[in-house]
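Top to bottom, those sequences are chains A and B. Mapping to the numbering used here: the first sequence position 157 is 157, numbers consecutive. Mapping to the numbering used here: the second sequence position 5 is 286, numbers consecutive.
FYI, nobody ran anything at the bench for these hints, they're computed from the structure. We put the CB at the ideal spot given by N, CA and C, even for glycine. Heads up, some of the hints might be wrong.
What the hints assert, rightly or not - Chain A is faced by these chain B residues, among others (derived, beta-carbon under 7 Å):
#1 Ser351
#2 Pro353
#3 Leu355
#4 Phe361
#5 Ser363
#6 Trp369
#7 Cys414
#8 Gly418
As the list claims (entries may be wrong) - Pair by pair, the computed Cβ-Cβ distance ranges are:
#9 Glu181/A / Ala298/B: 26 to 32 Å
#10 Arg386/B / Ala123/A: 57 to 63 Å
#11 Gln391/B / Leu261/A: 49 to 55 Å
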Amino acid sequence: MGGFARSRWAAPFLSLALLVALLSCWQLAVRDTAPTTRMDPEYAALMGATATTGKSAIPTPVDVGRRLVAAISDPFYDKGPNDKGVGTQLAFSLARVLLGFGLAAIVAIPAGFLIGMSPLAGATLNPFIQVLKPVSPLAWMPLALYTIKDSSQSAIFVIFICSIWPMLVNTAFGVAGVRREWLNVACTLEVSPWRRAIFVILPAAAPTIFTGMRISVGIAWLVIVAAEMLVGGTGIGYFVWNQWNNLSLADILLGILLIGLVGMALDRLLGWAASAFTWRE
Amino acid sequence: MTHPYLSVEGIARRYGARAVFRNLWFGVERGEFVCLIGHSGCGKTTILNILAGLEAPDDGALVMDGHEISGPSLDRAVIFQSHALYPWLSALGNVAFALKSRHPRWSKAQIEARARQALDLVGLKDAAHQKPCELSGGMKQRVGIARALSLEPALLLMDEPFSALDALTRGTLQDEVGGLVGGGKQTAFMITHDVDEAILLADRILLMTNGPDAYLAEIVINTLPRPRDRANLHRQPGYYALRNHIVDFLVTRSRVLAGERPVHWTGRDVPEVIPAAPTKTLETLGT
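Chain B with its partners taken away, still in its complex shape (with noise of 0.2 Å):
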């Protein structure tokens, strides 16, 4: 059997009896993205912090490349939903923070210029020496962006990096994500309760069903061809089944599911869907 590159095996997190999830298996492949969606409540960003290493899991372990996760990493990397920019530096000296966390021996150049160029990367140029409260929400987004990608994670975590922003930034921003963190070039894991965010960046949604007592009920693979873009995504064949089947899913089986296991569930063999199979797109656009 091979492991995958990180390799969640079993994690529960328990307040006294009550569990919020338990026994939750999942991997992601190297140069994956993968999406996990699911309702307030059913324990998302525990699941995220306890990948970052912020909080360690009541039960299970993670393994990543070969090494058990026991505590924050500079390798994993996390974009904070609320950006968590340090509001004393500038745009630059939040990114240049990071990077001398990194490279404790480059020289005041070295990591300026680094950071420079990822500012670049997100668009940021001239507003380098901007203070946080001078930047826009979408801009102060794109500097955690920066401050995360700086870093050159083996993994890059994100709990739900858009919600905080109006829905056009949001797009630009998804997109933007997308070229720079989509299609195998960075191995991420996202938190997130947009469908559409999902189906735009991920390989693989996991979908958790609502809490308390949460379980990972299906792993939807987005077979989608890369590049996307939010343009053309939904005249893509097979998008509208990936959809629905994923909005079918939040609305009512994420709360039908919830709570009592199927029959012979052991969380580590959790079912694998493909809406947006070509076969079936056929039936579903009805054409």
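This is chain A alone, in the form it adopts within the complex (with noise of 0.2 Å):
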């Protein structure tokens, strides 16, 4: 037992086995218990098979993986505005997020080495981040339909809003942390200030950076599926709740799936970026 739980591939066993207990577990719950009483057939057809099978109105998993076949065999298919493939839906909410979170680093970073490098501007800004920084990214949105008036780049609106914080927040904190000893070095350098900026301070700065960008780019992924179910039209969030609408649950668990894997590929690029710039001691 001892040698297995070191194996390399201990944990990755586990996982699995643990991955087809839950879905057997799944598929038992939801399976069909028996057939009921007879019924006129054009009763049954109308009652659906939750009446005439016992069967639930959950799918199982099966159902789940055949929809996950069908979507991945044709992810970007257009049949009109409200059946589209999953793929295009996928990559309409990636690119908001993209957008979003690339415009929020584009004043985050700048803004964050001011506050960490000034500790008057950290002051003056503070009582405005303290207080915006808890307010819900959805909250924004009345106000940016309103300003904006399309629903589409309102969407990107609140991912930048929602963005901003963890990198300006990060950012301030890293700049403002760097090492005395690395700052009288480039002073004893005579280092001007903007070399000491790009070449040191941001630098040193970089870990503390990328985790503000990793923690910004989760949320944004958190905000842009609530935000395009407000919004409508295109992406993932909204394929979830047109599903709802279609009462397809099985589509609605696709969606979910998806949503879940891509936020796991955003976190992981994010962290290999993060690992080039990153340093040891």
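Two chains, two separate frames, one set of hints: put the complex together.
Written as structure tokens, this is what we have:
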């Protein structure tokens, strides 16, 4: 047993075993219980499978698997505004997240630099940050819809707002925390302020800044689903909401699975980018 | 009256009414190696930071080569106690960063060649592309030494540069620094609390009393011949007299003399002592 616990395959094997166990429970819990009383076929059709065979309304893992295969085999079809492939929907969501997140990075990283470098700027902006940071990004949605008037751009604005705070706070923290001795070295070398900012402070704060970016992109991916449910039209959030209107629970579960997978991919991507800029002592 | 190359003129550091040290006067001649010894709390690091221009004194002034010191300068290179290398740059990158600051107009190739030469000098030819995290403590400090020496500074400042190293590495590095810096090659000022290090490297040793309100009690002149090396230093006549004098000072006199100034004390005429003078050594050794 001790040998197994130390093996590098132990955790993946247990994960797989747990997955199989959970899927089996799921399959058993929602299986057809028994054919219920005979009824008039037309009435049965009206009542649906739940009434006629005792089948649960929750789809089985096999149903979701079938939907997944179908969705992946044709991810980019377009059969009108309410029926687009999941690939297309994910692409819309990703584009919004990356645009909003990118704009936020352009604002938050320089602003965080300023706050970190200047205690006065930090103290001046701190009350604003403290009040605005806890506001749910969706609370900005009506204001955005009124001022921007375009629902898709409003969603991008909401992503922008929710991405700003972790990057701003982390950049400020990283910049303010650059070791005194590293700045002293730059001082004795008479390094100009610009060169010091780019070649000393930026690399020194890079790991902290990347942590902020990672948190931001995670929050942005959480918020985009909710935002798209509100604004509608396109995106994976709208897809999930649309499937709720279609009462297609299999597609909703498919959406949940895809949201999770894409979110994980985003986080890993930033994790790799961060490791390229992270130094060890 | 002739002025020394570096002249420290009545500097002080105060926190409110309490002085860490005050009315501190001393000079460093061109090519001279001066060590300052004292216990923690007498303001040693502050004095070095003031010399480096990283801090300003609360009183007094510093004059180097006829110009007042009013901030950091490439002419005064510092070897930091904690090596202070940039962990995201390689050993070569760290030296090159300093050289780029010193010679903004040099080409990349020129800077790299000069940086390699500096690393070569401290025996790190093969570690040029390694990051600080891949280097041992001694190697990191060697990079710090190469970085400082590559600037060809008018004054080399060292803040307990070997105190974070193990005893064996420390000894080797002390010998190497003695070879690179000692004997008139480089004007240098070093903070230390290691008596043997001071005897090995310094021409003159400044003794500070304990803080607060510390002052310069004595200047010990080290007459032991150069080149010195650790293996034979303790066989030199006068070595024990010198060492005993400094140890006595650190163990007792730095405490006894602390605070109250002697009568007629001005801070400017610090007594100079030569414990290793040949006449005295015979008595001390009892031969």
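With a cut-off of 7 Å on the beta carbons, see whether Pro353/B makes it to chain A.
Holds. Min distance 5 Å.
Would the hint on Leu355/B stand, with a C-beta cut-off of 7 Å toward chain A?
holds, 5 Å
Proposed interface contact between Trp369/B and chain A, which counts if any beta carbon pair is under 7 Å
holds, 4 Å
Return holds or violated for the Cβ distance of Arg386/B and Ala123/A against the range 57 to 63 Å.
violated, 41 Å
Against chain A, is Ser351/B within 7 Å by beta-carbon distance?
violated, 13 Å
Holds or violated: Phe361/B as interface residue toward chain A, Cβ cutoff 7 Å?
Where the cut-off is 7 Å and the nearest Cβ of chain A is about 6 Å from Phe361/B, the hint holds.
Hint check: 7 Å Cβ-Cβ cutoff, Gly418/B to chain A
violated, 12 Å
Quick check: does the Cβ-Cβ distance between Gln391/B and Leu261/A fall within 49 to 55 Å?
holds, 52 Å
Closer than 7 Å between Cβ atoms is the bar; does Cys414/B clear it against chain A? Give me holds or violated.
holds, 4 Å
Ser363/B as an interface hint toward chain A, with CB separation required under 7 Å:
holds, 6 Å
Does the hinted range 26 to 32 Å hold for Glu181/A and Ala298/B at CB?
Since Glu181/A and Ala298/B have Cβ atoms about 30 Å apart, the given range 26 to 32 Å holds.
Violation of the numbered hints given earlier is confined to hints 1, 8, 10; the remaining hints are satisfied by the structure.
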